[in-house]
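2 protein chains.
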Amino acid sequence: MSLDSPAAKPHERLAAALDGDMGEVNALIRARMASENAPRIPEVTAHLVEAGGKRLRPLLTLASARMMGYSGSHHLRLAATVEFIHTATLLHDDVVDESRQRRGRPTANLLWDNKSSVLVGDYLFARSFQLMVETGSLRVLDILADAAATIAEGEVLQMTAAQNLATDEAVYLKVVRGKTAALFSAATEVGGVIADAPEDEIRALREYGDALGIAFQIVDDLLDYQGDAKATGKNIGDDFRERKLTLPVIKAVGAADAEERTFWSRTIEKGRQEDGDLDRALTLLNKHGALQATRADALAWTAKAKDSLARVSGADAALQEMLADLADFVVARVS
Amino acid sequence: MSLDSPAAKPHERLAAALDGDMGEVNALIRARMASENAPRIPEVTAHLVEAGGKRLRPLLTLASARMMGYSGSHHLRLAATVEFIHTATLLHDDVVDESRQRRGRPTANLLWDNKSSVLVGDYLFARSFQLMVETGSLRVLDILADAAATIAEGEVLQMTAAQNLATDEAVYLKVVRGKTAALFSAATEVGGVIADAPEDEIRALREYGDALGIAFQIVDDLLDYQGDAKATGKNIGDDFRERKLTLPVIKAVGAADAEERTFWSRTIEKGRQEDGDLDRALTLLNKHGALQATRADALAWTAKAKDSLARVSGADAALQEMLADLADFVVARVS
Numbered sequence: 038m039s040l041d042s043p044a045a046k047p048h049e050r051l052a053a054a055l056d057g058d059m060g061e062v063n064a065l066i067r068a069r070m071a072s073e074n075a076p077r078i079p080e081v082t083a084h085l086v087e088a089g090g091k092r093l094r095p096l097l098t099l100a101s102a103r104m105m106g107y108s109g110s111h112h113l114r115l116a117a118t119v120e121f122i123h124t125a126t127l128l129h130d131d132v133v134d135e136s137r138q139r140r141g142r143p144t145a146n147l148l149w150d151n152k153s154s155v156l157v158g159d160y161l162f163a164r165s166f167q168l169m170v171e172t173g174s175l176r177v178l179d180i181l182a183d184a185a186a187t188i189a190e191g192e193v194l195q196m197t198a199a200q201n202l203a204t205d206e207a208v209y210l211k212v213v214r215g216k217t218a219a220l221f222s223a224a225t226e227v228g229g230v231i232a233d234a235p236e237d238e239i240r241a242l243r244e245y246g247d248a249l250g251i252a253f254q255i256v257d258d259l260l261d262y263q264g265d266a267k268a269t270g271k272n273i274g275d276d277f278r279e280r281k282l283t284l285p286v287i288k289a290v291g292a293a294d295a296e297e298r299t300f301w302s303r304t305i306e307k308g309r310q311e312d313g314d315l316d317r318a319l320t321l322l323n324k325h326g327a328l329q330a331t332r333a334d335a336l337a338w339t340a341k342a343k344d345s346l347a348r349v350s351g352a353d354a355a356l357q358e359m360l361a362d363l364a365d366f367v368v369a370r371v372s
Numbered sequence: 038m039s040l041d042s043p044a045a046k047p048h049e050r051l052a053a054a055l056d057g058d059m060g061e062v063n064a065l066i067r068a069r070m071a072s073e074n075a076p077r078i079p080e081v082t083a084h085l086v087e088a089g090g091k092r093l094r095p096l097l098t099l100a101s102a103r104m105m106g107y108s109g110s111h112h113l114r115l116a117a118t119v120e121f122i123h124t125a126t127l128l129h130d131d132v133v134d135e136s137r138q139r140r141g142r143p144t145a146n147l148l149w150d151n152k153s154s155v156l157v158g159d160y161l162f163a164r165s166f167q168l169m170v171e172t173g174s175l176r177v178l179d180i181l182a183d184a185a186a187t188i189a190e191g192e193v194l195q196m197t198a199a200q201n202l203a204t205d206e207a208v209y210l211k212v213v214r215g216k217t218a219a220l221f222s223a224a225t226e227v228g229g230v231i232a233d234a235p236e237d238e239i240r241a242l243r244e245y246g247d248a249l250g251i252a253f254q255i256v257d258d259l260l261d262y263q264g265d266a267k268a269t270g271k272n273i274g275d276d277f278r279e280r281k282l283t284l285p286v287i288k289a290v291g292a293a294d295a296e297e298r299t300f301w302s303r304t305i306e307k308g309r310q311e312d313g314d315l316d317r318a319l320t321l322l323n324k325h326g327a328l329q330a331t332r333a334d335a336l337a338w339t340a341k342a343k344d345s346l347a348r349v350s351g352a353d354a355a356l357q358e359m360l361a362d363l364a365d366f367v368v369a370r371v372s
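Chains A and B supply the protein sequences, listed in that same order. Per my numbering, residue 38 is the first one in the first sequence, and the count goes up by one each step. Per my numbering, residue 38 is the first one in the second sequence, and the count goes up by one each step.
Keep in mind the hints are simulated off the structure, nothing from the lab. Be aware that a few hints might be false.
Repeated chains share a single entry, so a pair holds when one copy, or any two copies, can fit it.
[Unchecked claim] 20 Å max Cα-Cα, derived SDA-like pairs, lysine to any residue:
#1 Lys307 - Trp149
#2 Lys46 - Gly274
#3 Lys324 - Thr304
None of these values were measured; they are calculated from a predicted model.
Construct the entire structure; sequences and hints are all you get.
Listed below in structure tokens is the structure:
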């Protein structure tokens with residue numbers, strides 16, 4: 038199948054269209070993850086970086102900058118920056134969640150140890166910071182510093198709110214902005230900023246990234262209850278077993294009667310799960326239409342992403358269309 | 038005892054001389070460690086920040102800027118920045134070292150958990166980044182980004198080199214620059230930069246901070262073998278028990294005969310320690326003059342710190358003298 042073929046997925050078409058840029062970004066990532074003094078650093082980083090993630094965040098930065106007619110080279114540094122920030126947060130997340138698998142491979146904390154993951158994450162965060170300083174744009178630095186704070190705050194909020202039935206959709210949205218949308222929106226916004234796009238188009242790019250990130254995370258949380266394990270690589274019910282209070286459950290808890298509330302309190306808050314509890318959870322999710330309502334939310338965020346993108350008069354219509362298709366593709370997984 | 042009295046310690050006199058600035062820095066730290074969304078963040082931060090560290094790093098920034106005649110307010114932000122970076126590294130270090138006590142109190146990882154320490158550290162690092170962006174100085178950002186990378190690299194290097202007898206003094210120096218001197222030298226350098234000092238004086242301030250930090254860490258490592266537990270709060274031999282290859286041991290290993298090498302290999306590399314091993318280690322350290330040689334190194338770095346400082350024609354002679362006294366004070370602990 039050709040990557041130009043409409044059958045290729047939008048992120049694959051983006052990667053093909055930005056192939057030259059992405060090659061330079063990958064070279065930059067390899068150069069900057071090196072450490073003359075501490076070989077452990079590139080070992081750990083390479084394990085994760087070369088495991089074949091989709092490179093969605095750097096693609097968003099490259100596409101945003103190119104779409105706005107940028108012809109310099111700072112977008113390459115910014116694309117490497119967002120990938121380093123993402124990689125650093127994955128390393129720390131896997132320590133925090135005690136995860137054992139990531140991208141189909143054992144996690145770094147399992148292969149090496151928690152220490153290596155914490156310290157190499159810190160190193161990559163510092164390296165991302167050096168890269169963005171090289172662009173010489175204080176505005177870009179401001180955006181990425183804010184994103185970094187929102188990411189960390191969202192992670193702490195998730196940790197403290199995850200098993201509390203009082204968590205509502207507003208808190209969920211803050212967590213999702215932190216864990217996913219903050220970096221998506223920063224990735225698209227800095228692309229526009231570095232290309233010196235008009236203010237209202239920079240804002241539209243930011244809102245596209247924000248809505249895309251939220252849709253992406255909602256779909257991820259939905260797939261955990263209704264996905265096809267073969268297609269998604271996730272097992273049904275992982276979030277339930279890990280007692281994560283995601284959007285489908287928040288909606289079901291909001292509609293629960295007293296007896297159902299007791300069930301959610303026992304399984305999520307207290308973590309006393311028994312055989313058959315996942316089935317019962319799925320029954321309750323369906324009874325209250327929680328999965329359908331969650332899907333409707335994801336579609337609404339996708340529509341918002343596309344509306345925002347439509348406000349941009351980009352110089353490259355083909356890239357702009359791929360970004361719109363990307364928004365559709367994100368929710369197509371649960372259509 | 039008055040803080041103006043010569044009997045007060047230099048860092049206490051510095052704190053008294055910079056009392057007004059330091060009050061504003063503390064207010065800024067409290068304001069910026071807040072998080073509307075995640076109350077866990079200020080809880081964990083306050084536990085560490087309010088445990089009464091000496092605030093040496095922010096004092097270095099304030100003193101450097103004021104000494105060079107700075108009259109703006111960005112030095113306050115930079116002082117808070119270096120304290121946040123320091124606090125973030127302490128939180129992560131305690132996770133990495135599985136420490137149970139810090140500044141005479143249980144560590145955050147013990148009181149809460151490793152997750153909180155990792156994520157709150159990330160948050161403080163992001164907050165420090167926001168603070169420095171507010172100064173609008175790309176040069177300051179460059180210095181602090183480099184310092185952050187050196188710190189993380191030094192930590193990884195320490196982790197991988199600590200129990201390897203091949204570690205030599207050059208590696209030790211890299212580790213020490215990472216764990217201590219990088220932030221000391223960045224703290225003094227950014228003070229000079231924000232005050233718009235002449236280039237050679239900025240360099241001299243940087244070299245003062247670098248040498249002071251190295252002397253500080255060497256003394257710390259020396260006190261572990263010859264300190265007075267009551268005065269230092271450290272127990273003799275902690276580093277030996279934790280199998281840390283610090284400068285005194287590196288010197289003794291360098292002079293060891295075959296039988297002594299076997300001893301160091303068993304106790305440090307393999308970690309098979311028995312009763313009486315610490316006494317034997319101390320005997321070997323004394324036999325080869327390793328403690329004296331280590332102390333001589335610390336004194337040489339102190340002299341270098343004072344020489345560098347003497348190259349600065351600061352606008353405030355009193356502050357400059359306190360910084361020189363601080364260098365003497367650092368090694369006075371082992372004189």
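*Quick check: which numbered hints come out false for this structure?*
Of the numbered hints given earlier, the structure breaks just one, which is hint 2.
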